[in-house]
Each structure stands twice: as C-alpha cells, then as structure tokens.
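S.K.: So the chains spell out like this:
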Amino acid sequence: MSWNISRGVSITCFIVVLLLVCVPLAESRYLIDLSTEIMVYALFALSLNVIIGFSGNVSFGHAAYFAIGGYANAILLTTYGWPLIFSFPAAIILSAVAAAFVAYFCTRLTDIYFAMLTLAFSMLVWAIAFKWRSVTGGDDGFVGVDVPSFIDGRVPFFYFTLTVVTISCAMLWLICHSAFGQTLIAVRENLTRAGFIGVNTRMMRGVAFVIAGAFAGVAGAIFAMYNRGVYTESAFWAESAQVLIMTLLGGMYSFFGPAIGAAALYLLERFSNEYTEYWPTVLGGILLIIVLVLPDGLVGLAKRIKTRFGRVNNQ
Amino acid sequence: MDMLLSSPSFAFMQVLNSISLGMNLFIIAAGLSLIFGVLRVINFAHGVFYMFGAYIMYTVSKDLQLGFVTGIIAAAAGLSLIAIIIERGLFQWLYDKEHLMQLLLTFAIVLIMGDLAKIIWGTDQLSVSYPEGLAGATNLGFTFYPTYRLMLCVIGPLIFLGLWLLVEKTRWGRLTRAATQDMEMLSALGINVPLIYVTIFIIGSALAGVGGSLAAPINSPTPGMDATIIVECFVIVIIGGLGSLWGSFVGALIYGFVFNFGSVIVPNWQDVFAFLLLMIVLLIRPWGLFGKPEREGH
Numbered sequence: 001m002s003w004n005i006s007r008g009v010s011i012t013c014f015i016v017v018l019l020l021v022c023v024p025l026a027e028s029r030y031l032i033d034l035s036t037e038i039m040v041y042a043l044f045a046l047s048l049n050v051i052i053g054f055s056g057n058v059s060f061g062h063a064a065y066f067a068i069g070g071y072a073n074a075i076l077l078t079t080y081g082w083p084l085i086f087s088f089p090a091a092i093i094l095s096a097v098a099a100a101f102v103a104y105f106c107t108r109l110t111d112i113y114f115a116m117l118t119l120a121f122s123m124l125v126w127a128i129a130f131k132w133r134s135v136t137g138g139d140d141g142f143v144g145v146d147v148p149s150f151i152d153g154r155v156p157f158f159y160f161t162l163t164v165v166t167i168s169c170a171m172l173w174l175i176c177h178s179a180f181g182q183t184l185i186a187v188r189e190n191l192t193r194a195g196f197i198g199v200n201t202r203m204m205r206g207v208a209f210v211i212a213g214a215f216a217g218v219a220g221a222i223f224a225m226y227n228r229g230v231y232t233e234s235a236f237w238a239e240s241a242q243v244l245i246m247t248l249l250g251g252m253y254s255f256f257g258p259a260i261g262a263a264a265l266y267l268l269e270r271f272s273n274e275y276t277e278y279w280p281t282v283l284g285g286i287l288l289i290i291v292l293v294l295p296d297g298l299v300g301l302a303k304r305i306k307t308r309f310g311r312v313n314n315q
Numbered sequence: 001m002d003m004l005l006s007s008p009s010f011a012f013m014q015v016l017n018s019i020s021l022g023m024n025l026f027i028i029a030a031g032l033s034l035i036f037g038v039l040r041v042i043n044f045a046h047g048v049f050y051m052f053g054a055y056i057m058y059t060v061s062k063d064l065q066l067g068f069v070t071g072i073i074a075a076a077a078g079l080s081l082i083a084i085i086i087e088r089g090l091f092q093w094l095y096d097k098e099h100l101m102q103l104l105l106t107f108a109i110v111l112i113m114g115d116l117a118k119i120i121w122g123t124d125q126l127s128v129s130y131p132e133g134l135a136g137a138t139n140l141g142f143t144f145y146p147t148y149r150l151m152l153c154v155i156g157p158l159i160f161l162g163l164w165l166l167v168e169k170t171r172w173g174r175l176t177r178a179a180t181q182d183m184e185m186l187s188a189l190g191i192n193v194p195l196i197y198v199t200i201f202i203i204g205s206a207l208a209g210v211g212g213s214l215a216a217p218i219n220s221p222t223p224g225m226d227a228t229i230i231v232e233c234f235v236i237v238i239i240g241g242l243g244s245l246w247g248s249f250v251g252a253l254i255y256g257f258v259f260n261f262g263s264v265i266v267p268n269w270q271d272v273f274a275f276l277l278l279m280i281v282l283l284i285r286p287w288g289l290f291g292k293p294e295r296e297g298h
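Protein chains in written order, with this note's numbering: chain P, 1 to 315; chain S, 1 to 298.
Everything labelled a hint here was simulated from the structure, so no lab data went into it. Every value quoted in this text rests on a predicted model; they were computed, and no experiment measured them. Hints are supplied without guarantee of correctness; some may be wrong.
As the list claims (entries may be wrong) - Calculated from the model, a selection of chain S residues having no Cβ within reach of chain P, i.e. all distances over 12 Å:
hint: 1; residue: S7
hint: 2; residue: F10
hint: 3; residue: T59
hint: 4; residue: R88
hint: 5; residue: Q102
hint: 6; residue: T106
hint: 7; residue: T143
hint: 8; residue: R171
hint: 9; residue: T180
hint: 10; residue: N219
hint: 11; residue: I265
hint: 12; residue: L283
As the list claims (entries may be wrong) - Below, a list of computed lysine to any residue pairs in the SDA-like style, where the Cα atoms sit at most 20 Å apart:
hint: 13; chain 1: S; residue 1: K292; chain 2: P; residue 2: I112
hint: 14; chain 1: S; residue 1: K118; chain 2: P; residue 2: I112
hint: 15; chain 1: S; residue 1: K97; chain 2: P; residue 2: I286
All C-beta atoms, glycine included, are put in the ideal place defined by N, C-alpha and C.
Starting from the given sequences, assemble the full structure and let the hints guide the process.
M.R.: Written out as structure tokens, the structure reads:
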C-alpha cells in the first residue's frame with residue numbers, strides 16, 4: 001500500500017474544496033447547513049481514524065473529546081466572555097489534555113480492554129457534563145452560545161468552518177504521512193515487532209490518541225458555535241458509536257475514507273429521518289452490513305469494483 | 001458523613017445497601033465475564049439483555065399478573081431464547097474474525113434491540129411492585145431493613161456458589177475451562193465445542209436477564225438503563241479481572257461499597273469515585289485484581 005498522495009486523490013480533494021467554496025452561491029440555506037454539518041463530522045471521523053486506522057486501537061469513547069471541545073469553547077466564549085482567538089485554542093488544548101489523561105490509562109491495555117476503557121471514560125465525561133449543572137447546564141444543555149460577530153451568520157460561518165476543517169485535514173494528512181504516521185502503522189501491524197525494533201509502542205499509541213482527541217476537540221468547538229449550544233448527548237456512547245460507524249463505513253485503511261463515510265452516513269440519517277423514527281435500527285442494520293460483507297468500507301468496495309473492472313479491460 | 005460516624009445503625013444500613021447493590025450487579029457482571037472467559041467476546045449487548053430482563057419482569061408480573069417468581073423464570077427463558085438466536089445466527093460466524101468486528105456486531109444488536117424495546121414497551125418509565133411478602137422491612141434487632149434488599153444479599157452469594165460449583169466441580173465445567181485454553185485440541189478429542197459455546201452464551205445472557213428482573217422493582221424499567229448498567233459492568237470486570245468469577249464477585253462488592261458510600265459522603269459524585277478506584281487498579285494491576293496478564297503480541 002503506497003501512502004504517497006496519488007494524482008487522482010489530490011485532484012479530487014481540490015475539486016471537493018472548490019465545490020464547497022461555491023456552495024453559498026446556490027443561496028440555499030438547507031445546502032449550506034448540510035455542508036457545514038458534514039464538514040464537522042468528516043473532521044470528527046478523520047480524527048478518530050488516527051486511533052483506529054493508524055495505531056490499530058478501537059476507541060468507543062471518541063465523542064468525549066468532541067464534547068469537551070464543544071463545552072470548553074462554549075463556556076469560555078459565553079460564561080467568561082473570552083474572544084474566539086483564545087477560547088478556540090484553549091478548547092483544543094483542553095480536549096488534548098483530557099485525551100492525554102485517558103490515554104495514560106488506556107494505553108496500558110490493548111484490544112478489547114482498550115475499547116471498554118475508552119467507553120467507560122467517555123461515560124465519565126458524560127456523567128460530569130450531566131451532573132455539573134452550574135457550569136454545563138446539566139441535562140438542559142449549555143444553550144445560547146455567544147458566537148463572535150464576524151462569523152455570526154450562515155455564510156461567514158460556513159467559510160469559517162471550511163477554512164478550519166481544510167487546515168485541520170491538511171495537518172492530519174501530514175501527520176499521518178510523516179515518519180510518525182508510518183511508525184504508527186508498524187505498531188498497528190505488529191505491536192511486538194515494532195517494540196523489538198525500538199519503538200516505544202505505548203508512547204506512540206498515546207500520542208496518536210492525543211492527536212485524535214485534539215482534532216475531535218476542533219470539530220466539537222465548531223459544532224458548539226454552529227448549534228449555539230452543547231448538549232450532554234454529544235458525549236453519550238451513541239455519539240461515539242456513530243462516529244465509529246462513519247469511520248468504518250468509509251473505510252479505516254484509507255485516509256479520506258472516514259470523511260466519505262461521514263458524508264454518507266449523515267445523508268442517510270437525514271434521509272431516513274423523513275421516513276422512520278427508528279434511526280438506531282437503521283444504523284444497526286448498516287453496522288451488520290459492514291461487519292458481515294463490507295469490512296473495509298466503501299473505499300474498499302470501490303477498490304474491489306475497480307480491480308474487477310480493471311481485469312475485464314485487460315482481457 | 002456525620003450520620004455515618006454518629007449513628008451505627010445508619011452506617012450498618014449503608015453496608016447492607018452496598019452489599020445488595022453489589023450483589024445485584026454481580027449477577028449481571030458475572031454473565032458478561034463468563035461469556036468473555038470462554039467465547040473471548042465482550043458482549044456490548046449485555047446491558048440491553050439486562051434491560052429486556054427488567055421489561056419482561058414488568059410484562060409478566062404486572063401486565064399478566066403471573067407473579068414475581070414467574071417473572072424471573074420468564075426473564076431467564078426469554079433471554080436464553082434471544083441468546084440462542086444471536087449465537088447461532090450471528091456470533092458463530094465471527095469467532096475467527098477480528099475482535100473489532102465482534103464488538104461491532106454486539107453493538108449492532110444494542111441499537112436494534114434498544115429500538116425493539118421502545119416499540120414493545122414504549123418510552124415511559126414503568127414501575128414494578130415488590131413481590132408479596134418481600135415488600136416490607138425486616139426487624140434486624142436494632143434496625144429495620146427492606147426485606148427485598150436482604151433477599152438480594154442472599155441470592156447473590158447463592159448464584160456465585162452455583163456458578164463456582166458448575167465451573168470448578170463438574171465435568172462440564174472442566175470442559176469449559178479446557179475450551180478457554182485450547183479449543184482446537186478439545187474439538188479434536190471429540191468434544192462438541194459449539195455446544196459449549198452456545199450453552200455458555202445462554203447462561204451468561206440468562207444471568208443478565210435474571211439480574212434485570214431482580215433490579216426491576218428498585219430501578220424502574222426505562223429506555224437508556226442499558227447504557228448505565230453496561231458501563232458499571234465494564235468497571236466491575238476491569239477492576240476484578242475479565243473472565244474471573246471471583247473477580248466479578250469481589251469487583252461488584254467493591255463497586256457497591258464505593259458507589260454507595262461515595263453517594264453518602266459526597267452526594268451526586270458517586271460515579272467519579274468508582275472511576276478513581278478503576279484508575280488506581282489500572283495503575284497497579286492493569287489486568288484486574290483476579291485477572292491474568294494479557295498475552296503479548298497478536
């Protein structure tokens with residue numbers, strides 16, 4: 001598997017960004033909102049994939065860092081009246097610190113134990129958000145976020161999101177394709193061997209966890225302003241499962257797969273909500289399909305189709 | 001806090017509260033741990049199984065008026081049936097796949113069964129009354145204590161004893177333990193390993209059902225109760241050590257005490273205490289108090 005960006009992928013990225021830049025020209029509020037939300041979820045899913053696709057661990061509690069980023073940004077902006085230029089980085093740092101704290105414990109374990117523990121810690125974050133009423137608003141949620149005036153409006157906010165998400169994705173891409181990213185893949189493929197050649201595997205997995213947490217915090221901080229509120233559900237395990245399913249649906253062994261999965265699942269949710277209130281069942285069904293027939297996600301499926309047709313053409 | 005120090009009977013009641021909570025949790029956590037010990041699958045759906053147990057108790061004892069004991073039996077039977085369907089229909093295809101896929105499969109079951117519960121029982125909080133004869137309080141000489149909770153303090157150890165005898169003292173239990181060591185060898189010796197797997201899954205799931213039916217009068221059945229219990233079970237089995245019966249028993253007791261005394265000393269923050277304990281255990285014994293260290297590598 002080559003990790004050099006291919007011409008096709010770079011052209012596609014360019015076109016996607018270009019199309020997104022043009023979205024507000026359509027003057028459809030629905031389309032702008034839809035694109036903003038998809039971009040946030042795409043970043044969220046890409047951040048999770050640093051843990052799953054690159055370090056080879058499965059986090060069932062990634063929503064915790066999304067929620068921490070969201071709550072921190074909302075509270076600093078609103079309760080403390082900080083300007084965005086300080087509150088946004090502070091929210092990211094807080095998410096990263098929380099991720100580092102959890103990683104310190106979770107990286108002692110691997111595999112199933114790791115998954116259980118990440119879930120347990122995320123539910124701790126949920127419980128704190130739920131109980132710490134005076135600061136987080138408890139189960140009513142933290143409502144009425146003060147959004148800075150320069151991005152207060154559908155179109156300015158869309159461009160703000162587009163800028164931040166594009167920069168974040170570029171940074172994630174660079175991180176994943178650096179020597180560090182390659183080392184992570186070595187850790188994923190064989191923990192013991194990576195350890196034998198001198199890699200501090202626990203540290204590597206921990207750093208991956210912190211990076212993922214920080215970028216989830218970015219997504220959460222944007223989403224808090226977009227929604228003008230943060231709710232305890234954003235830390236609940238169902239949210240963690242949703243982003244996990246986005247990542248897997250897209251394909252965890254490709255860098256951009258999770259973003260595709262995020263868009264696909266989000267559109268599917270919008271679509272299914274018009275017909276049924278039982279979205280969890282639909283989600284469960286999608287999950288069954290992934291587990292039983294699509295273990296490498298949509299990107300894997302596309303690759304399989306491509307090789308099959310490629311063979312036909314060669315004959 | 002002052003109450004604990006000044007009133008011995010209050011303190012003693014808290015001890016009993018802790019034990020009864022711990023024993024109820026033990027019944028559920030033991031099922032999760034048993035299934036993991038043999039099948040090597042963490043069943044995320046265990047919490048939903050517990051919720052179904054509680055709802056079945058509601059239907060049988062309240063809607064159908066068939067009594068409390070029938071409710072427990074119906075919960076165990078219902079969950080056994082669900083377990084057979086899930087193990088034979090889905091799980092058996094995934095034993096040689098990655099752990100991630102197994103976890104995801106159990107999560108898909110959580111989502112689907114959670115909706116199913118909403119369709120069958122609605123989203124309201126339902127109430128289950130205490131069984132006749134156990135509704136009042138018992139005079140312990142110096143204080144009164146709810147009889148139902150006393151019964152939990154007795155049932156828990158009985159189930160522990162039963163499971164211990166089953167696993168340690170019977171031929172079937174020896175085969176089960178052998179299956180955790182070397183499934184292929186056991187199969188080569190002519191033992192029906194799939195039968196062992198399905199039986200273990202049934203017993204583990206039925207324990208979740210029984211635990212749920214016993215918890216129904218205390219925790220009114222309501223959607224979302226599955227998420228709380230599964231996290232509690234995770235904390236317990238990580239503290240005690242996954243796959244260890246003793247581990248779930250001691251882990252559940254410790255959890256009961258920490259949770260209950262935590263809520264007396266600093267109300268509302270009891271969850272945090274359980275996690276502090278979890279962190280301490282992870283620092284000292286990452287594989288849990290009664291667990292064995294993970295095998296290295298893949």
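S.K.: Indicate, hint by hint, whether the structure satisfies it.
M.R.: Evaluation of the provided hints:
In this structure S7(S) is separated from chain P by more than 12 Å, as the shortest Cβ-Cβ distance comes to about 27 Å. Even its closest Cβ contact with chain P, about 24 Å, leaves F10(S) beyond 12 Å, as expected for a residue assigned away from the interface. Every C-beta of chain P lies more than 12 Å from that of T59(S), the closest at about 21 Å, which supports listing it as non-interface. Once the 12 Å rule is applied to beta carbons, R88(S) is consistent with being away from chain P; the minimum gap is 15 Å.
With a least CB separation of 8 Å from chain P, Q102(S) falls inside the 12 Å interface cut-off, contrary to its annotation. A beta-carbon of chain P comes within 12 Å of the beta-carbon of T106(S); the shortest separation is about 10 Å. Listed as a non-interface residue, T143(S) keeps its Cβ farther than 12 Å from every Cβ of chain P; the least gap is roughly 30 Å. With a cut of 12 Å on Cβ distances, R171(S) stays outside the contact zone with chain P, its closest approach being about 29 Å.
In this structure T180(S) is separated from chain P by more than 12 Å, as the shortest Cβ-Cβ distance comes to about 15 Å. No Cβ of chain P approaches the Cβ of N219(S) within 12 Å, the least distance being about 16 Å, so the stated non-interface status holds. Non-interface call for I265(S) relative to chain P: holds, since the shortest CB-CB distance, roughly 15 Å, exceeds 12 Å. The Cβ of L283(S) sits about 8 Å from the closest Cβ of chain P, inside the 12 Å cut-off, so the non-interface label is violated.
Note on K292(S) and I112(P): the hinted pairing holds, with a Cα-Cα distance of about 15 Å set against a maximum of 20 Å. For a cut-off of 20 Å, the pair hint linking K118(S) to I112(P) is broken: about 29 Å separates their Cα positions. The suggested pairing of K97(S) with I286(P) holds, with an alpha-carbon distance near 18 Å, which does not exceed 20 Å.
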